[in-house]
Amino acid sequence: MATVKLTINGKQVETENNRTIIQAARDNGISIPHFCWHEKLSTSGNCRICLVEVEKMPKLAIACMTTVAEGMVVNTANERVVNAREAVMEFILINHPLDCPICDEAGECKLQDYSYKYSQGYSRFVEDKNHKDKRVEIGPRVMFDAERCISCSRCIRFCDEVAGVHQLQFVNRGDHTTIETFPGESLDNPYSMNVVDICPVGALTNRDFRFKSRVWEMSFTESVCNGCARGCNIDVGVRNNEILRLTPRKNDDVNSVWMCDHGRIDTWKHVNAEDRIAGPMVRKAGNLVSVGWDEAMAKVAGELKLFNKNEIAFIGSAYASNEDNFVLARFAREVIGSKNIDRLSHTVEGDEDAILIRADKTPNDTGAALVGIAPGEGGRNIDAIVQGIRDGQIKALYALEDDVAQHPELEKVLYKLEFFAVHATNANKSTRAADVVLACSTFAERSGTITNFQKRVQRLRPAVVTLERERALDGMAMSRQDKFTAPNDSWGKGPRRDSRASWRIVAAIGNIMGAKFRYATAEEVFADITHAVEAFKGLTYLKVGNKGAMLKFKAS
Amino acid sequence: MEKFLEKSIPVRRKNLTFWQKLYIPAILSGLKITMTEFFKPSVTIRYPEERTVMPESFRGRPVLVAENGTERCVACGLCARVCPALAIEVQAGETELGKERYPERFEINMVRCIFCGFCEEVCPEEAIIMSQEYELVFTSQKEALFGKDKLMKPIEEVQTRLDFLRKNR
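One line per chain: the protein sequences are A and B, in this order. Note that the working numbering has the first sequence beginning at 1, numbered continuously upward. Note that the working numbering has the second sequence beginning at 1, numbered continuously upward.
Hint data in this document are derived by calculation from the structure and do not stem from the laboratory. A portion of the hints provided could be inaccurate.
What the hints assert, rightly or not - What follows is a list of derived Cβ distance ranges for each label pair: (1) B:Val122 to A:Glu86: 22 to 28 Å; (2) A:Gly494 to B:Phe138: 20 to 26 Å; (3) A:Gly494 to B:Ser57: 36 to 42 Å.
Virtual Cβ for every residue (Gly too), placed ideally from N, Cα, C.
Whole structure, please, built from the sequences with the hints as guidance.
Now the structure itself:
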């Protein structure tokens, strides 16, 4: 690719010759304001806020549409540009309502930021503003406020170019321009909520998050979505120790800057849910009774000792992290000596697309298999485990965070088990049948790694505090309220569950049974994985970082 | 050490005369002041039977303005953000009214509140204002958490403060 040299604000810049000024400036750390331009969408050039001065051009040019040329001299901040920008801001603000106090976008609004940065700070407009429809349910998950719209067309381009469905379009002209769905259509594509992220103002807002919290009251933790095998990078927004929303985080190798609506809405509600398992429970006289951790774990260890190693089966989980599965596999092989270890598949055939959504609805099937959740030589796979329970050869079952009773065949034979222990986050079919329920932490409460379908290892970080953690001491993200809460305040007192990371529970049970698991943190478990599993060799949490790291396989 | 001693100030002992040592003249001159003040008009009031009327600029406890039976507040959360003592917590909810948002829960921790009036100043709706009330007695920390039930005041009762704010904006 041929490169060109140009000067932006007196700085010599070299860039590829098909780039635009806004891209070249961005690559070199010079920010040019923009509303309608988006790095992942086509350029429409209708907002005019990115006007810059290019020497020898008679008029100001828009940086998003002007391609760079050899020897070009660009100025993005001189008086002429600043005045033009102020004028553009004034035009955009003419019909924009002063809705900031009731607008969910406030705090992360481009228009709000630019008003402070680039507008003159007062209004000369004394006439009545244009009034349009407010609170329009433009889709099942998106709310539209026509007055706030600045007609940048980002949402329209997103639907056309990324989601691949033509659902939105401008109607009317001039300052009556507004966005509508095509007749009979609704903004209901599986990626519809991305328009909320890209909307530079609060015209399109998240109906699920509507008025839940101001954005500046939340803490944000970088994590990974657990809705499918893609593992979209996300930010988890937490207030009062409750997850309120997920937003996609940029990672060009995985999800670009998008995520699907299912991941955004459905993958975290269980963390706040009423039916969370609040602590370990043991079945006594037919009922599950809350007990302490020591009692629950001693019960599991004591029961497992009663069986022959071939009578015990283990079911790992593609929902659990690499660390959890690795410790379970070690426990099964080294402490119990059982080879009956497998995991359930949650692949929904056909429920996938070419954008992000994968048919495998679990986040870590690849990782679970790699760290040893697969039947050993001569061991039973899931079908053989079911058969074994039916025949009475398998008498004890230990299941990691998976509702194993959802497996129709397994559900029918669960009553035959003499001992059934399960790790669970929420009450489900399996916990109703279990003898011991071990309360394990959800993806948002623990540290760990998961491996997506591309064999990319990505980090989970704790965003919600459990009893085993302290937000401040464990270096978790903190909002202003988290920092200053005191015992006499009513805020900052969201529920904290007595749950633990699965690997910690399994390791503790193993140690009761005579093993020597000396893990203090998930990072230490991961270090052990890198020694035990070839593909993970050389990786550390630091190397995995925010964007993940690809596993390396020998060419075979 | 010596230097320090040099610098220290010596205690001055007055050589009092016999007359001064008696004390009686000093006591009498003091009593004279007391008696003159005794017959002057009183400057104190008989609180709590009598109360002073506070000037409009007085910052008593913050209250929420209720208009037509509902609060003006749109739960924007700016008061909670600006509050230097972090006394305010707001949880917004959706209402059918034109304002779209309303505070589902609005709580001021009166133990934290420092009566600075920032919340009043920042409020875009003139919905939270400082009242004339200064009598705050709690018997427990929990009692000091004022919810909407204690904070809401009909607009008629706080009109003087609203007028004052308009005048001095």
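Verification of the supplied hints:
no., hint, verdict
1, B:Val122 to A:Glu86: 22 to 28 Å, "26 Å, holds"
2, A:Gly494 to B:Phe138: 20 to 26 Å, "25 Å, holds"
3, A:Gly494 to B:Ser57: 36 to 42 Å, "40 Å, holds"
Figure legend: structure checked against the earlier numbered hints; every hint is met.
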